[in-house]
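Q: The first sequence lines up with residues 1 to 301 when you count with our numbering.
Take the hints with a grain of salt, since some may be wrong.
Derived pair list, reagent style EDC-like, types lysine to aspartate or glutamate, alpha-carbon separation capped at 16 Å [claimed, not checked]:
| hint | residue 1 | residue 2 |
| --- | --- | --- |
| 1 | 172 | 162 |
| 2 | 138 | 166 |
| 3 | 240 | 278 |
| 4 | 5 | 109 |
| 5 | 220 | 200 |
| 6 | 192 | 161 |
| 7 | 240 | 74 |
| 8 | 39 | 163 |
| 9 | 81 | 97 |
| 10 | 39 | 109 |
| 11 | 240 | 210 |
| 12 | 84 | 97 |
| 13 | 46 | 27 |
| 14 | 240 | 212 |
| 15 | 192 | 146 |
| 16 | 46 | 28 |
| 17 | 267 | 246 |
| 18 | 39 | 64 |
| 19 | 4 | 59 |
| 20 | 50 | 74 |
| 21 | 240 | 200 |
| 22 | 24 | 146 |
| 23 | 46 | 10 |
| 24 | 81 | 278 |
| 25 | 24 | 137 |
| 26 | 4 | 78 |
| 27 | 227 | 208 |
| 28 | 240 | 274 |
| 29 | 138 | 163 |
| 30 | 5 | 76 |
| 31 | 4 | 76 |
| 32 | 227 | 246 |
Honestly, the hints are just simulated from the structure, not real lab data.
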Amino acid sequence: MIIKKPINLELTQLSGQTSQPPWKQVDESFREVLMVGGKPVLFDVKQSGKNLDFNFTGDISKKEAISRLNYIYDLDFDLGKFYKYLSDHEELRQMSEFCQGLRLFLANDPFECIISSICSANNSIKRWTKSVSDMKEKWGNNYFDDYYTFPDKEIIQDLYEDEDEESLFESKPCGNNLKSCGVGYRAPYMKKASQMFTLEMDLSQIPEMDYEEAFETILKVPGVGPKVADCILLYGFNFKEAFPSDVWIKRIVSYLYFDGKDISVAKVRDFGMEEFGEYAGYVQLYLFHYARMSGLMDRLK
DNA sequence: CCTCAGGGATCCG
DNA sequence: CGGATCCCTGAG
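With the sequences and hints as input, model every part of the structure.
A: Structure (structure tokens):
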């Protein structure tokens, strides 16, 4: 079944967005199990011309399946209008040609996105995707043979941090601890964050908040600083006005807008949100990939 | 064998 | 604010 909205699926899947690791690649397809209204559904999506071709297995209607895919791949976002915006701005004009069809890859679930994002901080893309995949296989639920959901907060909050802690309580340690997934010093952050959501913080309130309030709220989560908070609000909650700023975005923005002058990451964030408004999230996504693919990133090192 | 960075966060001064 | 340190893997 085709959804007639332009997208470059492979680019969107493999662009390293910290919402979640890429789906499993099987032949030409990307596959993943998602919970839809409490039911497990196996999605299979592939490129068909400029559009998305999909199938699904699970006890939901076709309408529900399309609705979920529309959300995850942000298919209702008007790329044509965005490309016009880019071409109308001198500094951004070159970007769209390197990133045709790139869309936001939104998270299945806010909690999953938060833990996944904590894991991504000061980490390589390769390493955090492996960590998240390992966590799913170890403590998530298994469906459709070889697919796993992300573990619940109640599970993660009670995990052992490392092998030492595990062997204090278990006679036969068997890798049932967070650090066995290679998360390193982020293990206690992930546990405390999970505990926070079972006890006091209600994530269902976040979408009702304005950006600043949501940002300040998410910032209270252990292991979450400004960059990760902006990523969580962008990928996990679809706040498109977020402009996650790190050292790379700083270098790129500085090169494009400030004549290469060294400015702080915090100021780059303020500048991005002010300058790009409702397009900030997309501009950030496109800036990063433009810089990667055009070779600009190598030159800015 | 080594060093070094990885789409940062935290703690400390 | 600026700087040191954090886990640990892969690249060089």
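Q: Run every hint past the structure and note whether it holds.
A: Evaluated hints:
{"no.": "1", "hint": "172 <-> 162", "verdict": "holds (14 Å)"}
{"no.": "2", "hint": "138 <-> 166", "verdict": "holds (15 Å)"}
{"no.": "3", "hint": "240 <-> 278", "verdict": "holds (6 Å)"}
{"no.": "4", "hint": "5 <-> 109", "verdict": "violated (23 Å)"}
{"no.": "5", "hint": "220 <-> 200", "verdict": "holds (12 Å)"}
{"no.": "6", "hint": "192 <-> 161", "verdict": "holds (11 Å)"}
{"no.": "7", "hint": "240 <-> 74", "verdict": "holds (11 Å)"}
{"no.": "8", "hint": "39 <-> 163", "verdict": "violated (34 Å)"}
{"no.": "9", "hint": "81 <-> 97", "verdict": "holds (15 Å)"}
{"no.": "10", "hint": "39 <-> 109", "verdict": "holds (14 Å)"}
{"no.": "11", "hint": "240 <-> 210", "verdict": "holds (12 Å)"}
{"no.": "12", "hint": "84 <-> 97", "verdict": "holds (12 Å)"}
{"no.": "13", "hint": "46 <-> 27", "verdict": "holds (9 Å)"}
{"no.": "14", "hint": "240 <-> 212", "verdict": "holds (13 Å)"}
{"no.": "15", "hint": "192 <-> 146", "verdict": "violated (29 Å)"}
{"no.": "16", "hint": "46 <-> 28", "verdict": "holds (6 Å)"}
{"no.": "17", "hint": "267 <-> 246", "verdict": "holds (11 Å)"}
{"no.": "18", "hint": "39 <-> 64", "verdict": "holds (11 Å)"}
{"no.": "19", "hint": "4 <-> 59", "verdict": "violated (24 Å)"}
{"no.": "20", "hint": "50 <-> 74", "verdict": "holds (15 Å)"}
{"no.": "21", "hint": "240 <-> 200", "verdict": "violated (26 Å)"}
{"no.": "22", "hint": "24 <-> 146", "verdict": "holds (10 Å)"}
{"no.": "23", "hint": "46 <-> 10", "verdict": "holds (9 Å)"}
{"no.": "24", "hint": "81 <-> 278", "verdict": "holds (12 Å)"}
{"no.": "25", "hint": "24 <-> 137", "verdict": "holds (13 Å)"}
{"no.": "26", "hint": "4 <-> 78", "verdict": "holds (12 Å)"}
{"no.": "27", "hint": "227 <-> 208", "verdict": "violated (21 Å)"}
{"no.": "28", "hint": "240 <-> 274", "verdict": "holds (13 Å)"}
{"no.": "29", "hint": "138 <-> 163", "verdict": "holds (15 Å)"}
{"no.": "30", "hint": "5 <-> 76", "verdict": "holds (8 Å)"}
{"no.": "31", "hint": "4 <-> 76", "verdict": "holds (10 Å)"}
{"no.": "32", "hint": "227 <-> 246", "verdict": "holds (6 Å)"}
Against the hints set out earlier in the document, violations occur for numbers 4, 8, 15, 19, 21, 27.
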